[in-house]
Amino acid sequence: MKTTPLSAIEAETRTIQAELKDLGLMHPGSISKQYQVCGRPGCRCMDRKQPQRHGPYHKLAYVYRAKPVCRFVRAGTEQALSQRLAVYKRFRRLIDRWIELSIRRGVIDFFSTPTARPKTLRPRAPGSRTPRS
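Quick note, the sequence shown lines up with residues 3 to 135 if you use our numbering.
Among the clues, some could well be false.
Cross-link-like lysine to aspartate or glutamate pairs, in silico, DMTMM-like; alpha carbons within 20 angstroms at most [as the list claims (entries may be wrong)]:
id	residue 1	residue 2
1	K91	D24
2	K23	E12
3	K91	E80
4	K91	E21
Label-pair distances were calculated between CB atoms; the ranges are [said to hold, decoys possible]:
id	residue 1	residue 2	range
5	R42	K69	31 to 37 angstroms
6	S104	V75	33 to 39 angstroms
7	T15	Y66	24 to 30 angstroms
8	K35	P7	46 to 52 angstroms
9	D111	C72	40 to 46 angstroms
10	F113	F74	48 to 54 angstroms
11	G57	S104	41 to 47 angstroms
12	K69	Q36	16 to 22 angstroms
13	M48	R95	41 to 47 angstroms
14	E14	F74	37 to 43 angstroms
15	R42	Q19	53 to 59 angstroms
Keep in mind the hints are simulated off the structure, nothing from the lab. These numbers were taken from a predicted model, which means no experiment stands behind them. For every residue, glycine included, the Cβ atom is placed at its ideal position computed from N, Cα and C.
Kindly produce the complete structure, drawing on both the sequences and the hints.
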């Protein structure tokens with residue numbers, strides 16, 4: 003993991019937090035097009051030579067609280083939903099970056115060796131013993 007100066011990590015974290023405030027409405031998932039066969043005899047979808055399925059119908063699929071969800075999207079709302087999906091993807095990228103920066107900050111705070119010893123600690127003379135309490 004590359005080390006980043008502490009001030010740069012803090013600055014980027016503040017930028018991410020500001021961007022998160024302005025995101026607006028979002029929704030997880032992805033949209034796909036579905037074509038259906040109704041099965042009624044004589045319908046265009048049942049034609050033997052040139053079947054023409056019904057559709058396209060737009061379908062939203064996502065997982066929420068470990069449960070898969072699939073829903074058909076009302077006609078004419080696909081564009082608005084696509085915008086919310088894009089906002090959600092932006093949200094996830096920002097959160098992932100924030101977590102990465104927090105991990106880097108944790109490495110600096112908790113796992114890296116101090117660069118200088120505190121003034122209260124002095125090296126012991128060879129052969130000296132520490133008093134027991």
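Check the following: the C-beta atoms of K35 and P7 are separated by a distance inside 46 to 52 angstroms. Holds, at about 48 angstroms.
Given the range 40 to 46 angstroms, decide if the beta-carbon distance of D111 to C72 lies inside it. Once the Cβ atoms are compared, 44 angstroms apart, the range 40 to 46 angstroms for C72 and D111 holds.
Measuring from beta carbon to beta carbon, are G57 and S104 in 41 to 47 angstroms? holds (45 angstroms)
R42 paired with Q19, Cβ distance criterion 53 to 59 angstroms: holds (56 angstroms)
For the hint 16 to 22 angstroms, verify it against the beta carbon of K69 and that of Q36. holds (20 angstroms)
Is the distance from the Cβ of R42 to the Cβ of K69 consistent with 31 to 37 angstroms? holds (33 angstroms)
In this structure, is the beta-carbon distance linking M48 and R95 contained in 41 to 47 angstroms? holds (45 angstroms)
Between E14 and F74, does the beta-carbon spacing fit 37 to 43 angstroms? For F74 against E14, whose Cβ atoms are near 40 angstroms apart, the range 37 to 43 angstroms holds.
Does the alpha-carbon distance linking K91 and D24 stay inside the 20 angstroms limit? holds (14 angstroms)
Can you let me know if the beta-carbon spacing of T15 and Y66 is within 24 to 30 angstroms? holds (27 angstroms)
Regarding the pair K23 and E12, is the alpha-carbon distance no greater than 20 angstroms? holds (17 angstroms)
Hinted pair, alpha-carbon criterion (20 angstroms max): K91, E80. Please report holds or violated. Status holds; Cα separation ~16 angstroms.
Violated hints: none; the structure is consistent with every hint.
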